[in-house]
Each structure stands twice: as structure tokens, then as C-alpha cells.
Amino acid sequence: MTTTFIKIFCIFFLLYFQSTTIIMAKSQTNVISEFKQALLKNDIKLMQSYVTDGVELPTFQTNKQIHEIKIVPSPKEDTTIFISYFKDTNDEFTIGCVLEIVTKNNKISRINQIYDGTNPLMKEATIVKEYEMKYREHILTPTKFPFEIHEFQGYIYNDYLNLQYYNEDINGIF
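In this text, residue positions in the sequence shown follow this note's numbering: the first is 20, and each later residue adds one.
Keep in mind the hints are simulated off the structure, nothing from the lab. What you are looking at is a predicted structure, and each value in this text was computed from that prediction instead of being measured. Possibly wrong hints are sitting among the right ones.
Computed cross-link-like contacts, DSSO-like style, restricted to lysine-lysine with a CA-CA straight-line distance of at most 30 Å [said to hold, decoys possible]:
| # | residue 1 | residue 2 |
| --- | --- | --- |
| 1 | LYS153 | LYS55 |
| 2 | LYS126 | LYS55 |
| 3 | LYS60 | LYS126 |
| 4 | LYS148 | LYS89 |
| 5 | LYS153 | LYS142 |
| 6 | LYS106 | LYS55 |
| 7 | LYS106 | LYS148 |
| 8 | LYS60 | LYS106 |
The following label-pair restraints were derived from C-beta to C-beta distances [claimed, not checked]:
| # | residue 1 | residue 2 | range |
| --- | --- | --- | --- |
| 9 | ASP97 | MET152 | 30 to 38 Å |
| 10 | ASN49 | LYS95 | 17 to 25 Å |
| 11 | MET141 | VAL74 | 19 to 27 Å |
Even for Gly, the Cβ is constructed at its ideal location relative to N, Cα and C.
Please build the complete structure, drawing on both the sequences and the hints.
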């Protein structure tokens with residue numbers, strides 16, 4: 020008798036609390052999905068409507084269109100990770116940015132930009148760090164350019180490091 024009573028109580032308890040969790044999770048998911056669509060359209064006004072006051076929206080290079088955004092769950096409570104992809108000039112996909120989005124009360128309360136792949140100099144930092152670790156050499160890289168950098172390509176060949184900086188406006192390579 021007591022075992023059946025305990026089973027019924029456990030089932031009732033699980034159903035009651037699971038349904039409220041599902042309702043809360045569904046509304047938070049709606050905010051995330053709608054924000055994702057606004058981000059894909061680059062609709063700043065619509066994006067702003069999903070965030071609480073004082074939350075800054077991420078900024079991206081205007082010449083690159085987000086092609087796809089993947090939503091990844093986070094182990095942190097009320098937190099979602101966005102991984103956005105851009106199409107390169109070679110029709111290859113690269114990670115554009117990684118955003119950590121925290122929701123509270125059906126609004127986005129915080130956006131942390133963890134990675135910005137639209138900044139071409141992020142790739143430079145990665146390849147230079149790889150070279151420094153591999154060859155135990157410290158590399159000095161340019162910090163100021165006479166033009167804006169639109170694209171970067173770098174590679175390691177044998178023990179040589181090749182860094183190329185491009186500007187589309189002047190069709191220049193440095």
C-alpha cells in the first residue's frame with residue numbers, strides 16, 4: 020500500500036514540476052529563436068526588442084552576411100551559445116562569432132561576445148601563437164596599418180611564418 024502511494028506521489032510530483040519547467044523553458048526558447056531570426060536578418064530594432072535595457076548588441080562587419088547560426092545549449096542555467104557562420108570568398112564556411120546569451124524573465128539580460136571571427140586579425144593571433152609555441156620564437160606583428168585590413172591569410176611552411184594582409188579598396192597586400 021505504501022509503495023503504491025509513494026509511486027503515485029512521485030509521479031504526481033514529477034509531472035507537476037516538469038510541466039512548469041517545460042513552460043518556462045519553452046518561453047525562453049522562443050526568445051532565443053526570435054533573437055536568432057532577427058540576428059540573421061540583421062534587424063537591429065527587432066533585436067533590441069528582445070533584450071533588457073542597457074544590454075549592448077554585438078557588432079559585426081557590415082560586408083559579411085551571417086549565413087547560419089547554430090544554437091548550442093550551455094551547462095550554465097538560462098544560458099545559450101550562438102555559433103554564427105559566414106561564407107568566405109571561396110564559398111567555405113568560417114565561424115563568424117560565438118555569443119553567450121543569458122535569458123531572464125523572457126528577455127535577454129546579457130550578451131557576451133566570446134569570439135569575433137569577423138576581425139581578420141583574430142586569425143593572425145592564432146597562427147602567430149601556433150608558430151611561437153612550435154618554434155619557441157617571439158614574433159612582433161604590425162600594430163598599425165596605413166589602410167583597413169579586410170582579410171588576412173597566414174601559414175607556416177617549414178620554419179617560416181608567412182603573414183599576408185589584404186585591403187579590397189586599394190587592392191593592396193602587405
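A quick look at each hint next to the structure:
Proximity of LYS153 to LYS55 is assessed by CA-CA distance (about 39 Å); at most 30 Å being required, the pair is judged violated. This hinted pair checks out: LYS126 and LYS55 have alpha carbons roughly 13 Å apart, not beyond 30 Å. For the given pair, LYS60 sits about 19 Å from LYS126 by alpha-carbon distance, which is consistent with the 30 Å threshold. Distance hint between LYS148 and LYS89 is fulfilled; the C-alpha atoms sit about 28 Å from each other, no more than 30 Å.
Note on LYS153 and LYS142: the hinted pairing holds, with a Cα-Cα distance of about 17 Å set against a maximum of 30 Å. Straight-line distance between C-alpha atoms of LYS106 and LYS55 comes to about 18 Å, which keeps the hinted pair within the 30 Å bound. Of the supplied pair hints, the one linking LYS106 and LYS148 holds, its CA atoms being roughly 25 Å apart against a limit of 30 Å. For the proposed pair LYS60 and LYS106, the alpha carbon gap of about 15 Å is at most 30 Å, so the pair holds.
Roughly 36 Å separates the CB atoms of ASP97 and MET152, a value that falls within the hinted 30 to 38 Å. One distance hint, 17 to 25 Å for the beta-carbon pair ASN49 and LYS95, holds here, with the actual separation near 19 Å. Remark: the range hint 19 to 27 Å for MET141 to VAL74 is upheld by a beta-carbon distance near 23 Å.
When each numbered hint is compared with the structure, a violation occurs for hint 1 only.
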